[in-house]
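Need the complex rebuilt from these two chains, each delivered in its own frame; the hints are there to steer you.
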Amino acid sequence: MDAVERANADRQKRWAKDQKIGEGTYAVVYRGREIATGRKVAIKKIKVGQFKDGLDMSAIREVKYLRELKHQNVIELLDVFSSKKNLNLVLEFLETDLELVIRDRSLVFLPADIKSWMAMTFRGLEFCHRNFILHRDLKPNNLLIAANGQLKLADFGLAREFSDPGYKMTCQVITRWYRPPELLFGCRYYSTAVDIWSVGCIFAELMLRTPYLPGESDMDQLRTTFRALGTPTEEDWPGHTKLPDYVPVGQFPKTPLRELFSAATPECLNLLTRCLTYEPRRRISAKEGLYHPYFSTHPYPTHPSKLPKPAAKMGSSLPLEELDGNTEPIGNGPGVKANPPNKLKRKLSSDDVNGSSRSIARRLDFTQHRPTAQ
Amino acid sequence: MSTSLYPLASLPQIEKTPSREDGIPDGLEEELRAYGCKLIHEAGILLKQNQVAVATAQILFQRFWFVTSMKQFGIGDIGMGALYLASKLEECPIRIRDLINIYDLLLQRKAHIRAQAMASRLASTSAHPRTEFKYTPMSYFGNTFYELKDALVVAEMQILKRLGFNLTVVLPYNTLVNYLRVLGLTSREDVCTKAWGYLNDALQTPVYALYSVPTIVCAAILLTTRHLGIGLPSAPENCWWELFDAEWEDLWNVCGYIMRLYRERTSEDHTRVMGMVAKKGVRQWLEEHRPAGGEGH
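Chains as they are written, first to last, in full-length UniProt numbering: chain A, 1 to 374; chain B, 1 to 297.
Only chain B is shown next, with the shape it has when bound in the complex (with noise of 0.2 Å):
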């Protein structure tokens, strides 16, 4: 058992992931844990949940993808998982059908867009007429439910099994709040803000898994200051991150993660990662691209 207080992907683990290994490529798996995220996100806010069960669901959601394949299991899958695990942990428990009708409205309305997205396409340039979403619920004792309640127990399961059961979860927000104590910053509102947005959006990306909470948060308020002006000290001898005990590679690796989610994507890239939600999509995917000749990986 380790010892550590909470675990961090090893090196061969973050050099070769395992979807990588069954031939995703590394923007994609980005995109697809960014999207994962995104759906716990919004499942999290339409079900009033605390932002501590949201943000320990998708800590818990990134850790997964270093030791198991999107080939595996579906994005969309583990992340409900994810959430409906986290909720237990941190001792505000969902309803499972609560969780489940809510991921079925987010998935049938992603779907939606998507098949609007798809057709505007095809019929390029003439205006495409536009339908309104429509959500429809499932029966009450509709198979729908069953499947995805099974598909819920099993995820958990899984994410349990295959994080070997260590579910320490250390979140960046005291932290954060200390830091900026330290530094004399509390007093500036957009600081605070800015930095702790910085902090949840880290939550898409998979650095919670990969740097100590320290780092994370350090590269927060170096986004922060830099972008509001505001100078620290920054010269050798005297930098201010070395007070946290963070690396200033270590920082830029970190801000280098965040600054990537804000970039321009393609409608294409948009509906692409809609498409591979289940692990289905992903197959299907692979299947296309699979290199010629080759067998696979």
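Extracted from the complex, chain A is given alone in its bound form (with noise of 0.2 Å):
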């Protein structure tokens, strides 16, 4: 055994697996703790198939970015080690995540609530933006929930750096719901806009507790994001019939937010129209956000410890298994097709998630109990 060997052997002996509380496509999650503290974590063993081309593309992504990303509202990798053909990473254990938040009917949002997770969801993309590092899957289920309150990005497994400008890009990219619509129409150069568009959906479904901009295929999201947003004209984004997939879906009128979100403050509002401009170069970038007056003004952000949180055992109403529908090529969900997805953000909260029938409980949940925005 050489030194590295050793060090790995070490390494290991510090983290516990206990029992097995997800799989997915590359990797199987297992609930562990910390020998010398006790503390708990999540351990993703990463699959290296030997039908496969080595290593999968999202698990890498994960490790080389996580590895760099320090922050209070970024998941936390904590270790990474290998046993004999897997590779395991150790991440920080995560009671709960948004979406679960959102769909436990039971929870009441008060508008400083929202304000507190658009905070921490600005604070950890700008981290990330300053950083150099494009999410490219921002959804409430990617926003876990520590046992404190506090939000945190996870699931690098979409992500990359900036590219060089005059390098292209895959638009195949960000959970179809959540996607822009520059995205939508093939642009192959884009930057930290298209993870603003995300958190401009995220923000509106925190207020309506339902998807906003929920699509069946990704020609109908455009037509759902116009019909919500009414169509783009030129003036309102230059230039944007000449991307690569234009087409003309049909003229919606523009309907004020106000309509749809009535409760809501003019910053609020303001914010929220800002993350949801058409032309990218308009968006607000994640730093302007934080300096946005709708996180100075009253009602203050609730702090983290206080927000709602849904009860420890969840009601068999409410399956656990994150939707993906990323993996079904069939279905309505939405997908991204370019890379196979991360399967497992830890649905850590609940012992008793079981694989695939899950998924299809959680699918089926998605289009029958849940009335659509529109």
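Since the hints were made in silico from the structure, they are not lab data. Think of the CB as a built atom: it goes at the ideal place given N, C-alpha and C, for glycine as much as any other residue. Hints may be right or wrong, so weigh each one.
[What the hints assert, rightly or not] From the derived model, a few chain A residues whose C-beta atoms are all more than 10 Å from chain B:
{"#": "1", "residue": "Ala3"}
{"#": "2", "residue": "Ala7"}
{"#": "3", "residue": "Asn8"}
{"#": "4", "residue": "Ser82"}
{"#": "5", "residue": "Ser163"}
{"#": "6", "residue": "Arg188"}
{"#": "7", "residue": "Asp236"}
{"#": "8", "residue": "Ala263"}
{"#": "9", "residue": "Arg282"}
{"#": "10", "residue": "His292"}
{"#": "11", "residue": "Tyr300"}
[As the list claims (entries may be wrong)] Below, a sample of chain B positions facing chain A; criterion: calculated Cβ distance under 7 Å:
{"#": "12", "residue": "Val153"}
{"#": "13", "residue": "Val154"}
{"#": "14", "residue": "Glu156"}
{"#": "15", "residue": "Lys161"}
{"#": "16", "residue": "Arg162"}
Here is the structure:
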């Protein structure tokens, strides 16, 4: 055994693996703990298949970016070690995620609560962007919530560094309902504004308690978006008709956001509008977002520890496995085609999650129980 | 977990690399490192891969040999694994089959060159008939592909594991542009090209695993300005490299590493490394050069 293997074995000894809590396309997640302190952790064991082409791209991205990012509002990668053929990521253990919170009908959100979640989202995102990293898969389900109420960005399986100007990137990123129109039009050069659009959708969803723009296909996503926000004119978004996959999807009038978000304050609506601006260059940046008056006017954000949280044990009417439209080629869920999804954003709050049947239950849950926004 | 932006080898790792521990002499290790990087570079060109991925692969490759002996893994396999991994890291993934075909071609060509050189050495004086190199593609379902693929997958994982999954690589090019600007040298195209070239050549040496990027960039600028006879303030109190937080001694070391690449080599030296692309060759060499009465190391 050489020095490297000894070091690896020492690292491995720090962590204990307990029961399995989920399985996905490229990894199995276990609940675990740090032996010395008893601190709860999640251990993500990445399968390295003999038949696959080496290590999965999302696993590599996740390791690469989480190794670099340390921030209160970004999930922490505590350690990485290998066991025989596998790669193990030790992540901090997080109780729940924003999607479960939104979906729990027994919880009442105050405007101050929404402000608090938004502030934490912007903070985490600003940190990523400051470090030149695009998240590219923001959705409530990827915003995990720690026991102390802190919200953390997770799942960096689609993340990447900003590319050099003129270097093409894939437009098949971001779960459809949170995907900005420029990507739907096939834009291959983009930047931080794509994440901001997702944040805007999440913001709206927090207020509506239902997905704001639930498109059924990429085409329908555009239609849904335009129906909600009005078809962009050349003035709103110069040059958008020249984008590679541009297709006219019909003319919809602009309805003031106030009609749908009737209880929102003017600052709140202004921030929402700035996030859901068609022209990517005019969309607010994460840093500007943090300085937006919305965050400094009454009511002030709720302290994270006082935010509403789902009850420890979920009712059976609320399936816990995340919806992952990404894996299923059929069906209407939002999807990302280009990359295999990270199926495992820890559904760690649940002891009893078991694989595929759950995700189907969740999928049905989406379409059956939840009225669409429009 | 280390908090530094990118990892550098530690003093004990530099003083005694695992390969040296296994009895591979300094010089030979240096040659093998350089040769492995050349293979990565050639493969990168044939694959039309971006230079960022190639450079990243070479840096990962160099780091790897500070934690692993060449007796344990071959420079060919690890080079291939590094290029494959770096291509994913830099968001320009390549097809596994393309990479394997290219490495197969390169290795066949090297084997041919080596065989030619050995044959002509045997036939010393008489003109030895040279045969053209002819590439025999591997069969689509043949074993070669699967063997190389297994080696590649293992190499990728070993690189990850042995580098502690620390995949941060910082490339020197942006820094070079900035420094040349500060020094007012950007108008000299020859300076830019030459310095850029030194940075690329330095990828064949371990310096990216030993020194920080500013030091390496300063060394490239130092070599360039000396060769082109450009004067920069170098008297104590006013040394230009101090502006970039580099130490003279480190600069000079990096220059030494780079300049050693250009030294004259005998054809024996060339064929020797060609025969050691796989660990088998290294082991055989160690076997033949075992110190009398000694048991390995």
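Minimum Cβ-Cβ distance from His292 of chain A to chain B exceeds 10 Å | Answer for His292 of chain A: holds, closest chain B Cβ roughly 31 Å.
When the least beta-carbon distance from Val153 of chain B to chain A is tested against 7 Å, hint result = Hint holds; Val153 of chain B Cβ to chain A Cβ min 5 Å, cut 7 Å.
Would Ala7 of chain A pass as off the interface with chain B, using Cβ distances and a cut of 10 Å?
-> 7 Å, violated
Measuring Cβ to Cβ, find out whether Tyr300 of chain A lies farther than 10 Å from everything in chain B.
-> Answer for Tyr300 of chain A: holds, closest chain B Cβ roughly 33 Å.
Residue hint Glu156 of chain B, partner chain A, criterion CB-CB below 7 Å | 5 Å, holds
Is the nearest Cβ of chain B still more than 10 Å from the Cβ of Arg282 of chain A?
-> Given that every Cβ of chain B is farther than 10 Å from that of Arg282 of chain A, nearest at about 27 Å, it holds.
Run the C-beta distances from Ala3 of chain A to all of chain B and say if the shortest one exceeds 10 Å.
-> Not fine: 7 Å to the nearest Cβ puts Ala3 of chain A too close to chain B.
In terms of Cβ atoms, is chain B entirely out of 10 Å range of Ser163 of chain A?
-> Violated, because the least Cβ-Cβ distance between Ser163 of chain A and chain B comes to about 7 Å, which does not exceed 10 Å.
Under 7 Å, Cβ to Cβ, is where Lys161 of chain B needs to be relative to chain A, so tell me if that hint holds or is violated.
-> 4 Å, holds
In terms of Cβ atoms, is chain B entirely out of 10 Å range of Asp236 of chain A?
-> 31 Å, holds
Ser82 of chain A: least C-beta distance to chain B exceeds 10 Å?
-> 4 Å, violated
Given Arg162 of chain B as an interface hint, is the shortest Cβ-Cβ distance to chain A below 7 Å?
-> This interface hint holds because 5 Å falls under the 7 Å limit.
Comparing the model with each earlier hint shows violations of hints 1, 2, 3, 4, 5 and 13; every other hint is respected.
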